[in-house]
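**Q** Listed here are the chains, written in short residue letters.
Number of protein chains: 2
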Amino acid sequence: MSTSVGHPLPQLVTADGVRNQAIGRIPIMDVTPCIEGGRLAAKGTEYEAFPVRATVFREGHDLFAAEAVLVDPQGKIVQVETMVDIHPGLNRYEAWLTPTYPGSWSFYIQAWSDPWSTWKHNAEIKLKANTDIALVFLEAEELLRAALELAQPRSRESKDLLTALTEVSRSDLPALVRLAAATSPAVEAAMAARPLRDLLTTSPRYPLAVDRLRALAGSWYEIFPRSCGAYQREDGTWVSGTLRTATAELDRIATMGFDIVYLTPIHPIGTTSRKGRNNTLTALPGDPGSPYAIGSHEGGHDAIHPELGTFEDFDDFVARAKALGMEVALDIALQCSPDHPWLTEHPEWFTTRADGTIAYAENPPKKYQDIYPLNFDNDPECIYAEIVRILKLWVGHGVTIFRVDNPHTKPMAFWERLLAQFRTEHPEVIFLAEAFTKPPMLQGLGAAGFHQSYCYFAWRNTKFEVEEYLREVSTISDDRVRPAFWPTTHDILTPYMQHGGVPAFFIRAILAATGAPTWGIYSGYELAENVARPGFDEQIDNEKYEFKPRNWKNAEANGIAHMLGTLNAIRHRHPALERLRGLRINPTSDPHIVSFTRFARPEETSDGRGDAVIVAINLNPFEPITARIDLDLSPFGVNEQPEDAPIFEVYDELSGATYTWGAHPTVVLDPAWQCAHIFRVRKL
Amino acid sequence: MSTSVGHPLPQLVTADGVRNQAIGRIPIMDVTPCIEGGRLAAKGTEYEAFPVRATVFREGHDLFAAEAVLVDPQGKIVQVETMVDIHPGLNRYEAWLTPTYPGSWSFYIQAWSDPWSTWKHNAEIKLKANTDIALVFLEAEELLRAALELAQPRSRESKDLLTALTEVSRSDLPALVRLAAATSPAVEAAMAARPLRDLLTTSPRYPLAVDRLRALAGSWYEIFPRSCGAYQREDGTWVSGTLRTATAELDRIATMGFDIVYLTPIHPIGTTSRKGRNNTLTALPGDPGSPYAIGSHEGGHDAIHPELGTFEDFDDFVARAKALGMEVALDIALQCSPDHPWLTEHPEWFTTRADGTIAYAENPPKKYQDIYPLNFDNDPECIYAEIVRILKLWVGHGVTIFRVDNPHTKPMAFWERLLAQFRTEHPEVIFLAEAFTKPPMLQGLGAAGFHQSYCYFAWRNTKFEVEEYLREVSTISDDRVRPAFWPTTHDILTPYMQHGGVPAFFIRAILAATGAPTWGIYSGYELAENVARPGFDEQIDNEKYEFKPRNWKNAEANGIAHMLGTLNAIRHRHPALERLRGLRINPTSDPHIVSFTRFARPEETSDGRGDAVIVAINLNPFEPITARIDLDLSPFGVNEQPEDAPIFEVYDELSGATYTWGAHPTVVLDPAWQCAHIFRVRKL
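The listed protein sequences correspond, in order, to chains A and B.
For the first sequence, the positions run 0 to 683 when numbering that gives the first Met the number 0 is used.
For the second sequence, the positions run 0 to 683 when numbering that gives the first Met the number 0 is used.
A couple of the hints might just be wrong.
As the list claims (entries may be wrong) - Residues from chain B that face chain A, not an exhaustive set, calculated with beta carbons under 10 angstroms:
id	residue
1	VAL70
2	ASN90
3	LEU134
4	PRO363
5	PRO548
As the list claims (entries may be wrong) - Derived list of chain B stretches under chain A, where covered just means 3 residues or more per stretch with a C-beta under 8 angstroms from a C-beta of chain A:
id	segment
6	22-32
7	118-129
8	137-151
9	200-209
10	218-229
11	404-415
12	434-446
It should be emphasised that the hints constitute simulated quantities derived from the structure, not laboratory data.
In this text, a Cβ means the ideal position worked out from N, Cα and C, and glycines have one as well.
Next up, chain A with everything else stripped away, as it sits in the complex (with noise of 0.2 angstroms):
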């Protein structure tokens, strides 16, 4: 025990400032999605819906009910919905809310005391008990007469409630009559449509930060941009690519339906202390360099490396992506080579060390002399408003998506600051959080406002671990992180990946593209790019140091240039594919065989009809099997069936071919043929 003096104690949290008291009339508890108790709003999307659960009781043997609000950035209440009980004997209840644009929204409970519900339960009990019957029908009198002050006066509902009153005071009439009378179908209209409640609560209220579909949903497309129409001269020299070559390969690209196209860094790389092919510490004559070394004499983070060419020129590339429907996504990596201007014009925006000079980056006894971090305690204030300045000078020219490479080295709470600003004013930039890094930080960069992150997707490859993380991103950490999936990156060759062949790289391309509503491709997976450097889980002859235009005409032999293609065109075609939380795992007989249904709510989907898709793959790419599925129907609205009873008739969207199916079919996945099914689904 030591002893901690000379700072002021934090304020006690405090209450939310309505009510005196933390509990309410109807208790209203563990309101989900929650993140820090509300200080930090949970992650919504424009069309998606989001489950809102609280756990709420009362008292006695009353019944009540349960809505849960949405509200918009105006503060106008927009949906109420009614929740239901999914845990009885828990009291957790659940309703889903969909808000419909981007900014900052919340949402909170209200719960009543409903004795309209509790008076019918009653009644119905006392009349078959023939107990208490005059008693029954003068409660029903005044429960009539309140709805009746409720109701329009000369309304519809007005007449029909006045009608039932009527009947419901004849002791005359026999007592299922009047029963009757109370129950009609048009006041139970009336009574829904003004509910009588009774010791109304409500929560306090929650924020949500609401964000562009494409925040949630996109495939991305990797590229160098100096790789694209680069070539060798005669004597060994390389003439780069540059972004006029890069924007030719723009429609190829868009050929295979890609939403963004992402461009490594493009900015000046430094000389000094360059790296070699294969991450080599010396670079030889005519070695581009990483483009992660940013900067040097020609410009820094707001420069374009002048062998790419100019503003200009990236005006192009942007124009013509956006022609082709494609966003740009531009990597933002801060940290700088050792010839950054920033060095010499700002030496306080990094560290020095105790022998004057300029800490580059090291993790003992590593060194990093080619890069040079910021320290962004030094002169916070400064470093904040140049990085603003740098990110809006790219949305100037159009960029409207930042990749971040490396957020987990710089400050959560600066990513909180600058993401909280970006919302406010540039609702429209997404910002991707590049963190392969512990779960904490990876949830907790996603809690502090960026729109998605990469994820351990790539390492999770098993039948329990695919069902487990699907699971766990739709379901667990979807309030705070939007997971975006990719197979392999620039950094990442996984072991499957190296010795699964091609069938390996068709597996998880359909699994990135089924699994998750963000997905992304290296430039490259075309052509099974699989030969790893030796001792590293990354490709040899890494993009990064080298130059590597690639002969896509090669590609088209193995066809995996074409499933990306289909597998984007039936993305766009299911909006339940571009959406991460309506996911259910359907067992399988087969420990190779995955087995889930994406679907979006009616309320997700523009035709208002809602969308499901069926995906199985075999993630054995070596082996053809067959296995049973055992359907998880809920998300049909369909009760279990007789084992062989027809359910649905279904479509593979791969191979074309249409099945009829009850509730266990049975799949034939043939890694060297066909290893997976997406099927489009319409009940019979």
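Guided by the hints, dock chain B onto chain A, whose structure is given.
**A** Frame of chain A, contents of chain B only:
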């Protein structure tokens, strides 16, 4: 979807008022204990340690540290404990804090960048790699100078740091000598006393309601005072026991070592609709009625049944109990017989039905015409004031504990208000909630402020159930519920007790007395009264409806009374048995043998030495069983040992036998002879 109009929006939950952002420089997230985001206080007990946990992490590689800070009711920091990572990889940090007296305490967490640890970590690696030697010691100089600034001038610390600084700066010395100087015990002590802390971050402060030890730990004994000393005249009519005759029983109860005598209601009993024996609807002449049908022309909740005696008698009863070291708990049943004065004096405190009559209790089709429930919504302020007046009246007569009958039939917000007032004005008064109902309500009442709660113990009988429940009450619901373990009550006689014979009464008493810090015995347990009213899991000839004097001579033969006394004596010797949060389940080889270790930390015991008790119980009342126990050694700070190595000398508090134990002892437990061990433990 319906539309709701006409009431103002609830407030957004607010930030804690200190920081503009929710995330501090070093993120501190998901702090527990935390109920409703900190709007309700978690439970603490004087001299009971409680765990503070938080997810703490930071950007980059630099090391950091966190500590939990305990703040007393005056706002003074009284304890600061370093947190340790209990889930490496998930960055879940924990420390235990111990409040020392009742009141409104609070706690918070602070975290900081730890430059000294970072330097040591890096220095060791760099010296091994023989790199940056000069820089390493320049950094050490900087840090030692910073430490010097924090140290008291001319103190021992200051001199030690200066000595180290001098040696560290001597580049003529070998690096290892300089390292040794920098990391000498004296320097480490100075650094530990006044750590260098960069980027100090504090969490919000969370409330902790601390109660006196009796709120957590005690042994209860329940009596119907009218049964104590009641007798039947020769003509068959009964003469009621009185508070005076009940006083005569106090010695017997005290001899068994109980801490609390609990009296079922002692108020006048209504005659209208009085219940007869075995809950029959009509009382026969001479039937005394249920003491829960409170109130007659002789008075209500502020009166004493004339047959029981006077306030003077009551005061004498309380005085005698206190003289014997026992507190008196009074039953508070906030309901009325039809003859309660409130019905005529305050009809507005009840529900008037549509026909103008006052509503009795109902759960249709069942009617409880002997009971009129209060309506807490009609005139809430006056009812509240009257109940406070009544409770204070009894407090004025020496009552320090209330056993609240059916709190779950009254509004939870009423309890929150009442309990907050009593915590302020009468912090010594303890309220026990009798809410045998759904988990949300049971736990909600605890969160609302009830000091302790009847719970599901009576229905947890199998090994799986017992182990799971012990874990739940000690580690999951411990922030809001202090459980009271009662093997039976006047309302509860489970099938296990009905059919397990006398051994069942031993087994469940031992489990109750050692499984939780509060346990309770209902009078008659000594006689193994186990005959149920047919079709009900409660006693036949229930004492609620008749006089039930008992012949305690008959109790001597079965040994139960002696066992109760032994158990209370053992509890009084062992603080480990009077704390909730120190529990480890020891796996055993048999499905009927349960074993667990209860322990108190050094700071929880008055001698500062801590305490531990190992319990082993045979849950099968019919068969002797031999089983192997796999002791969880963690409470003893002992690492796993070779199979047969002796670790402990254990002394069985029940039999007086002593054994030498390794990590996997064998026990033989025969319900006919000795169904359990309760071991005092001495490490060898």
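**Q** For every hint, state whether the structure bears it out.
**A** Here's how the hints hold up against the structure:
1. VAL70: 6 angstroms, holds
2. ASN90: 5 angstroms, holds
3. LEU134: 5 angstroms, holds
4. PRO363: 4 angstroms, holds
5. PRO548: 36 angstroms, violated
6. 22-32: Three-residue rule met by the segment 22-32 of chain B, so holds; n is 6.
7. 118-129: holds (count 6)
8. 137-151: holds (count 4)
9. 200-209: The restraint on the segment 200-209 of chain B holds, since 6 of its residues have a Cβ under 8 angstroms from chain A and three suffice.
10. 218-229: violated (count 0)
11. 404-415: holds (count 7)
12. 434-446: Satisfied; 6 residues make the cut.
This entry does not satisfy hints 5 and 10, going by the numbered hints stated previously.
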